[in-house]
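Same order as they appear, the protein sequences are chains Z and X. The first sequence begins at 1 in our numbering and counts up one residue at a time. The second sequence begins at 667 in our numbering and counts up one residue at a time.
In case anyone wonders, no lab produced these hints; they're calculated from the structure. Beta carbons: idealized from backbone N, C-alpha and C, even for Gly. A couple of the hints might just be wrong.
Each pair of labels, with its calculated beta carbon distance range [what the hints assert, rightly or not]:
{"id": "1", "chain 1": "Z", "residue 1": "Pro436", "chain 2": "X", "residue 2": "Gly782", "range": "19 to 25 Å"}
{"id": "2", "chain 1": "Z", "residue 1": "Ala447", "chain 2": "X", "residue 2": "Glu720", "range": "38 to 44 Å"}
{"id": "3", "chain 1": "Z", "residue 1": "Asp406", "chain 2": "X", "residue 2": "Gly887", "range": "30 to 36 Å"}
{"id": "4", "chain 1": "Z", "residue 1": "Gly636", "chain 2": "X", "residue 2": "Gly738", "range": "45 to 51 Å"}
{"id": "5", "chain 1": "Z", "residue 1": "Gln251", "chain 2": "X", "residue 2": "Glu849", "range": "41 to 47 Å"}
{"id": "6", "chain 1": "X", "residue 1": "Glu680", "chain 2": "Z", "residue 2": "Lys498", "range": "35 to 41 Å"}
{"id": "7", "chain 1": "X", "residue 1": "Asn910", "chain 2": "Z", "residue 2": "Ala447", "range": "52 to 58 Å"}
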Amino acid sequence: MERRIGVYICHCGTNISGTVDVEKVTEFARGLDSVVVARDYKYMCSDPGQNLIKEDIKEHGLNRVVVASCSPRMHEPTFRRACQDAGLNQYLFEMANIREHCSWVHEDRAMATEKARALVSAAVRRVYYHEPLETKEVPVNPSVLVVGGGIAGIQAALEVADSEHRVYLVEKEPSIGGHMAQFDKTFPTLDCAACILTPKMTSVGQHPYIQLMTYSEVEDVSGYVGNFKVKIRKKARYIDEGKCTGCGRCQELCPVSVPSEFDCGLGKRKAIYIPSPYAVPNKAVIDPEKCSHLKGLAGGKDVCRLCQTGIEKKGIPGCEADAIDFSQNDEMVEIEVGNIIVATGFQQFDPSVIYQYGYGRYDNVITGLQFERISNASGPTGGEILTADGRRPESIAILHCVGSRDVNYHRYCSRVCCMYSLKYSHLLREKIPEAPVYQMYIDMRCAGSGYEEFYERLQEEGVNFIRGRAGEITNIAETPEEEGKLIVICEDTLIRRKRRIPVDMVILSCALEPRADADQIARIFSLSRKADGFFLEKHPKLDPVATMTDGVFVVGCCQSPKDIPDTVAQASAAASRALAMISKGRVEVEAATAVVDEEHCAGCKICVDLCPYKAISFDEEKKVSRINEAVCKGCGVCVAACPSGAITGRHFTTEQIMAEIEGVLV
Amino acid sequence: MKYYTYFPGCSSSEGGAKAYGWSARAISKVLDIELIELDDWNCCGSTPYSSIDELVSFCLSARNLALAEKRGLDLVTPCSSCYVSLNRTNSYLKEYPDIKARVDEALAAGDLEYHGTVRVRHLLDVLVNDIGYGEISSKVKRSLSGLKIAPYYGCQVVRPSPGFDHPEFPQSLDKLIACLGGEPVPFPLKSRCCGGSLIISEEALALDLIRKLLDCALSNGAECLVTVCPLCQTNLDVYQSRVNKRFKTSFNLPILFFTQLMGVAFGLGDEELGLKTCIVPAEEALAKYL
Chain Z
1 MERRIGVYIC HCGTNISGTV DVEKVTEFAR GLDSVVVARD YKYMCSDPGQ
51 NLIKEDIKEH GLNRVVVASC SPRMHEPTFR RACQDAGLNQ YLFEMANIRE
101 HCSWVHEDRA MATEKARALV SAAVRRVYYH EPLETKEVPV NPSVLVVGGG
151 IAGIQAALEV ADSEHRVYLV EKEPSIGGHM AQFDKTFPTL DCAACILTPK
201 MTSVGQHPYI QLMTYSEVED VSGYVGNFKV KIRKKARYID EGKCTGCGRC
251 QELCPVSVPS EFDCGLGKRK AIYIPSPYAV PNKAVIDPEK CSHLKGLAGG
301 KDVCRLCQTG IEKKGIPGCE ADAIDFSQND EMVEIEVGNI IVATGFQQFD
351 PSVIYQYGYG RYDNVITGLQ FERISNASGP TGGEILTADG RRPESIAILH
401 CVGSRDVNYH RYCSRVCCMY SLKYSHLLRE KIPEAPVYQM YIDMRCAGSG
451 YEEFYERLQE EGVNFIRGRA GEITNIAETP EEEGKLIVIC EDTLIRRKRR
501 IPVDMVILSC ALEPRADADQ IARIFSLSRK ADGFFLEKHP KLDPVATMTD
551 GVFVVGCCQS PKDIPDTVAQ ASAAASRALA MISKGRVEVE AATAVVDEEH
601 CAGCKICVDL CPYKAISFDE EKKVSRINEA VCKGCGVCVA ACPSGAITGR
651 HFTTEQIMAE IEGVLV
Chain X
667 MKYYTYFPGC SSSEGGAKAY GWSARAISKV LDIELIELDD WNCCGSTPYS
717 SIDELVSFCL SARNLALAEK RGLDLVTPCS SCYVSLNRTN SYLKEYPDIK
767 ARVDEALAAG DLEYHGTVRV RHLLDVLVND IGYGEISSKV KRSLSGLKIA
817 PYYGCQVVRP SPGFDHPEFP QSLDKLIACL GGEPVPFPLK SRCCGGSLII
867 SEEALALDLI RKLLDCALSN GAECLVTVCP LCQTNLDVYQ SRVNKRFKTS
917 FNLPILFFTQ LMGVAFGLGD EELGLKTCIV PAEEALAKYL
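So that you can see chain Z by itself, here it is in the shape it has in the complex (with noise of 0.2 Å):
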């Protein structure tokens, strides 16, 4: 058949034409073979722009199409659709990046120019090669999956199950609530985070439409959007969940205390232990690292078991529930679901690689979380502020920036940092009055509704704000006044003076950074990562929660530092996208899988074992491969390792692929 290519120039306003120059790049498209027609236009994104395309298809009876503009990832569904309203199979169509690709990163015109002519060269022979394929679609399943119990996971987990849609919300720790159940009060509202966290909490364990599996990790995810498999590590307990009442004797009885994860090491828990009093569910865990009786068996010996027997001599009884199951081995459980929201916040920068700030050093230098546990009344101190020796402090200072906006650390700002020491001070001007607080600060950025009157509202409770980041935090004094006291060393840029304050206590505002598992969380969600570390979102702006593997969102502090407010609002997002997937029933799938040539298979397996999407499968009887092209996202994988060169990947073809390298080099 005659091939009949229509190629259109876009000048995106002056971001291609700045540095193109797009006439010529349209008279060199006249010229190359096949091509029966080529325009420039200001906007080919625009209606008109894809009314030229339309009426060029009816007119011309183009039967190949060929824009050069922008990258695919925004238009390339703007122009497929163009087409396929204009009777052309969606897959005859091709795109040249000329902008991100060509003049947004080139100043010189002339060379700019000719690598826009080699770009639009490479489309035109490829789409030269173009075959129509059929998109196919298959049913949604109603389940989805949200990863992580914290604020966002849980916002996220109830927004969909109130539509009465099922939700498996998987949490590693052993109770949900994540970081905002250890905080004290939250910004700028100052209402306590316990009270507005705990009612959510307390919904989702018992929400018929929500599944909580806590403890519990998942492991491995296959399939695609609308039909995921997801294996979940149900991690042992070594509590029957349905027995425990979470009366918490064993806690008291067991004789091993180690440092509490949910005080941030300040406070101490035991072995076997509720890791809070408001934990979601309500049930104690085992630490098997911690527990006498489990590394007693380890070693064939048995021992301790006081929280099953209780102290007989005593007549204390051990659980009256039965509920201490010291043989649990971890369950593999697997789930089926059409959407995954990956919830799995953040972890708090560790300072001590800041060794001026003498984190770890002194007693009484603190992270910002410490002290929430310290302000907190189901704290270690029961509210009460108070140093690592037991004294009330005299003076404070928060530093803020601790691990943010610095290039040794990380670059970015936190977000968070200047609203929650705002925080501090405020709670810290209320139970010690007569304390002065100091806040070195950079920039204050207080951002967000009613956080610059929190800020105002703070200057007037008479904290001291020096504007200059800390440089060292010491114990050597240098005057009477010092003894005894921890030093805080900054320049105040805004009498251009180096200061030393000295103070009882310091809290660092520590940066939020991605966990640490972050790397394994995105290998098995196939998510990316951003230069921060933090996971990458399909558009910045206008795709937010949304990522490059359809199906899968990311909302909440993994995405990238915020507060409260918007991770509430990226869950409900995140929810509500869901939901529209499922109220629709049916989803796309890729049309440019692989396909097997059986004639040329020469049944070595190769490429079953390779599939990452387990999309392939092997006929014994026939002895060749064949690929399920529902479960095949076409990424290739097969098409290259393929030792014999039978299969091949549409929309990919050797041809296709020569063809562009020739368009660009010739």
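Knowing the structure of chain Z, use the given hints to seat chain X on it.
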């Protein structure tokens, strides 16, 4: 045998830190290092000079680099100030073409050219990273066990960042002391300024800085202090009595070059290490090990 081009700098050749030069050569012999002195070297361009005329300072420095480039070996200096000056010139010539053009012009007048290939290194870096702690500790004849030593890096050796050690929390010298059997005491001011050449122009200020260092070392139990820089040694050693006079203190802390300390541990004699050149006598603190 490992070979290096050696840049002694003014103080460790003929200047006040002769003992540094002697001891550096003595321990190098033990460790199979050949320090080949750079032929016809001149002033490194030093900090005071660069604050008066930066370009002249770069030219002085670049002449040394150009001479060293001919031999192709790493250029090693025991002096922190030389280390910084030469490194700074190296990086400026890479980063600023206009400075490079003018320096090239000056070099050309002396029939020299420099292509930026010389690696400038401090002797401490070479010892701990090229030779290694294991090799060093294998040469120890008299372990310094029980000797409490303040590891003083000074402000320069850790700062052309990123250098070979952490700028705020350096560890190389601590580990070196430990591998000689000695006990490095916690020394929070380990990378602080000794006053440098301000001891000439702003004596009061410099003396206060010295006092803080001595005070900090002593309060952490140090019996002696080791430095990696001739200027630090001079300030802390020579001016110790003046600190005492001014602040009514009674410091009597021996200040040694780290190479001298290594020499003691290697069982070398005083004639090779120049311990007697110390103003604050070191013999008493080291008596057990000599």
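Check your understanding: Hint by hint, which ones does this structure get wrong, listed from lowest number up?
Key -> Number 1 only.
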